[in-house]
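Spelled out from the first residue to the last, the chains are:
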Amino acid sequence: MASIWEYANPLKFMRTTEAALPFIGWAAALCLGVGLVWGFFFTPDDFRQGSTVKIFYIHVPSAMMAINIWVMMLITSLIWIVRRHHVSALAARAAAPIGAVMTLIALFTGAVWGQPMWGTWWAWDPRLTSFLILFLFYLGYMALWAAIENDDTAADLTSILCLVGSVFALLSRYAVNFWNQGLHQGASLSLDKKENVADVFWYPALVSIAGFVLLFVALVIVRTNTEIRARRARALMARERLG
Amino acid sequence: MIALLARDLRLAVRAGGGFGLGLSFFLIVIVLIPFGVGPETGLLGRIAPGVLWVAALLACLLSLDRMFALDFEDGSLDLLVTSPLPLEGIITVKAVAHWLTTGLPLVAAAPVFALLMNLPGHGYFALVLSLLIGTPALSVIGAFGAALTVGIKRGGLLLSLLVLPLYVPTLIFGAEVARRGAESQPYTSPLLLLAGISFAALALLPMASAAVLRVNLR
Numbered sequence: 001m002a003s004i005w006e007y008a009n010p011l012k013f014m015r016t017t018e019a020a021l022p023f024i025g026w027a028a029a030l031c032l033g034v035g036l037v038w039g040f041f042f043t044p045d046d047f048r049q050g051s052t053v054k055i056f057y058i059h060v061p062s063a064m065m066a067i068n069i070w071v072m073m074l075i076t077s078l079i080w081i082v083r084r085h086h087v088s089a090l091a092a093r094a095a096a097p098i099g100a101v102m103t104l105i106a107l108f109t110g111a112v113w114g115q116p117m118w119g120t121w122w123a124w125d126p127r128l129t130s131f132l133i134l135f136l137f138y139l140g141y142m143a144l145w146a147a148i149e150n151d152d153t154a155a156d157l158t159s160i161l162c163l164v165g166s167v168f169a170l171l172s173r174y175a176v177n178f179w180n181q182g183l184h185q186g187a188s189l190s191l192d193k194k195e196n197v198a199d200v201f202w203y204p205a206l207v208s209i210a211g212f213v214l215l216f217v218a219l220v221i222v223r224t225n226t227e228i229r230a231r232r233a234r235a236l237m238a239r240e241r242l243g
Numbered sequence: 001m002i003a004l005l006a007r008d009l010r011l012a013v014r015a016g017g018g019f020g021l022g023l024s025f026f027l028i029v030i031v032l033i034p035f036g037v038g039p040e041t042g043l044l045g046r047i048a049p050g051v052l053w054v055a056a057l058l059a060c061l062l063s064l065d066r067m068f069a070l071d072f073e074d075g076s077l078d079l080l081v082t083s084p085l086p087l088e089g090i091i092t093v094k095a096v097a098h099w100l101t102t103g104l105p106l107v108a109a110a111p112v113f114a115l116l117m118n119l120p121g122h123g124y125f126a127l128v129l130s131l132l133i134g135t136p137a138l139s140v141i142g143a144f145g146a147a148l149t150v151g152i153k154r155g156g157l158l159l160s161l162l163v164l165p166l167y168v169p170t171l172i173f174g175a176e177v178a179r180r181g182a183e184s185q186p187y188t189s190p191l192l193l194l195a196g197i198s199f200a201a202l203a204l205l206p207m208a209s210a211a212v213l214r215v216n217l218r
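Residue numbers (my numbering), protein chains in the order written: chain A, 1 to 243; chain B, 1 to 218.
Treat the hints as calculated values from the structure; they're not laboratory data.
Just to be clear, a hint being listed does not mean it is correct.
[To be verified] For the chain B half of the interface with chain A, some residues (derived, Cβ under 8 Å), not all of them: (1) Phe144; (2) Leu148; (3) Leu166; (4) Glu176; (5) Val212.
[To be verified] Using 20 Å as the maximum straight-line C-alpha spacing, the simulated DMTMM-like pairs for lysine to aspartate or glutamate come out as follows: (6) A:Lys12 to A:Glu149; (7) B:Lys153 to B:Glu73; (8) B:Lys153 to B:Glu88; (9) B:Lys153 to A:Glu227; (10) B:Lys153 to B:Glu40; (11) B:Lys153 to A:Glu18; (12) B:Lys153 to A:Asp151; (13) B:Lys153 to B:Asp74.
Bear in mind the structure is a predicted one, so any value in this text is a computation, not a measurement.
Ideal placement from N, C-alpha and C gives every residue a C-beta, glycine not left out.
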């Protein structure tokens with residue numbers, strides 16, 4: 001029976017993902033193109049926010065990705081700790097810089113939107129602050145990967161850091177709620193239809209979110225496969241030096 | 001375990017590192033703040049709880065990197081790991097020793113430094129209480145960071161990058177207790193949350209630190 005663990009074999013993982021990569025890549029480009037163009041040019045301006053509302057099509061997907069990428073890293077780290085599949089650890093490593101960039105995009109677009117709307121680039125609002133803390137967690141995680149020479153040691157240490165960091169990131173998320181009342185509005189997208197934004201904004205936003213997810217998957221595949229190849233090359237060179 | 005604690009304490013006091021250094025660093029930060037924001041006593045009194053907490057946190061951070069690094073270099077850490085003591089216990093003892101030499105002096109000295117910062121009179125009790133309850137968490141979390149970076153040359157900077165984000169919840173609740181105390185507001189709920197963080201960290205984090213240390217000593 002086919003099992004998901006078959007993909008723990010780097011060869012199988014690479015073959016499958018390389019075959020799927022063009023489709024995922026083009027789908028990402030298509031979704032991003034359609035979502036953003038639709039969002040930017042073919043939706044009405046908001047009643048109160050004017051055209052600034054259009055940054056929403058970048059801000060919301062990148063913010064969602066920033067959080068979900070950390071969750072993905074948490075899961076792959078757990079798989080590495082429990083089952084010791086190298087592909088899993090490498091995928092976590094590959095995801096981290098993308099997550100950091102997504103966090104930065106969310107913070108940046110939020111600041112650009114906040115300047116005309118709230119009258120300030122930055123406020124110590126719980127959501128903003130917890131995103132900044134999340135960014136610091138990403139930085140620490142990547143710095144630890146970079147600092148350790150031995151690949152397996154680095155994978156072990158960063159996985160444990162990811163687990164502990166997740167607990168503390170969650171704690172910080174609720175601690176900052178306690179510390180300051182927010183300026184940021186509540187969830188703009190949820191499955192509960194009553195709380196949602198109007199349909200005209202909702203559909204292009206969905207397409208754009210799908211684009212961001214696909215883009216992330218494509219980037220992780222490329223980065224993971226690059227790392228597998230780099231390791232293989234290193235192993236070959238080591239063998240040559242010995243032989 | 002008691003022998004290990006005594007050894008670590010003796011080392012900290014006699015070997016010219018750690019002990020007193022954190023305290024001096026705390027003093028220097030407190031002295032620098034008025035130069036930065038101006039000597040106006042009202043303003044200083046208002047920011048005192050937060051500044052004292054941040055300074056305590058930085059002072060704690062200063063002596064973290066020597067928690068395992070010295071023992072790692074001269075090989076005594078390997079001996080400790082092979083001893084019959086559980087590694088989790090060793091780490092807890094090390095964290096306790098760190099707290100006794102860094103955290104506890106900070107708690108004891110905090111009222112004096114609060115005086116320098118012109119903290120309102122009724123805020124002293126909450127400040128000392130919050131530091132007393134919160135600084136153990138700083139030591140235990142720090143032990144995790146120190147265990148992570150023990151094998152890395154010049155890991156001090158990396159250590160602060162890893163540990164400071166983990167300090168955020170402790171700092172928020174600790175400073176909140178001190179601030180509410182200074183403003184004569186009830187501070188039971190942040191105090192309980194702070195105590196929760198401290199106890200949970202003390203109970204759970206040594207496991208993570210031990211796992212990390214085992215990887216590093218492999």
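Outcome of the hint check:
Taken as an interface hint, Phe144 of chain B checks out: its beta carbon lies about 6 Å from the nearest beta carbon of chain A, inside 8 Å. At a threshold of 8 Å, the smallest CB-CB gap from Leu148 of chain B to chain A is about 6 Å, leaving the interface hint in force. This hint holds: Leu166 of chain B has a C-beta 5 Å from the nearest C-beta of chain A, less than the 8 Å allowed. The criterion of a C-beta within 8 Å of any C-beta in chain A is met by Glu176 of chain B, whose closest approach is roughly 6 Å, and the hint holds.
Among the interface hints, the one on Val212 of chain B holds; its C-beta lies about 5 Å from the nearest C-beta in chain A, closer than the 8 Å criterion. Of the pairs offered as hints, the one joining Lys12 of chain A and Glu149 of chain A is violated, with about 27 Å between alpha carbons and a cut-off of 20 Å exceeded. With a C-alpha separation of about 11 Å, the suggested pairing of Lys153 of chain B with Glu73 of chain B holds against the 20 Å cut-off. With a C-alpha separation of about 24 Å, the suggested pair Lys153 of chain B and Glu88 of chain B falls outside the 20 Å cut-off, and the hint is violated.
Distance restraint check for Lys153 of chain B and Glu227 of chain A: the Cα-Cα separation of roughly 25 Å exceeds the 20 Å cut-off, and the hinted pair is therefore not satisfied. Between the alpha carbons of Lys153 of chain B and Glu40 of chain B the distance comes to roughly 43 Å, so the proposed pair goes past 20 Å and is violated. Taking the CA atoms of Lys153 of chain B and Glu18 of chain A, the gap is near 38 Å; set against the 20 Å cutoff, the hint is violated. Restraint check: the Cα-Cα separation between Lys153 of chain B and Asp151 of chain A comes to about 16 Å, which is no more than 20 Å; the hinted pair holds.
Between Lys153 of chain B and Asp74 of chain B the CA atoms are separated by roughly 14 Å; this keeps the pair inside 20 Å, and the hint holds.
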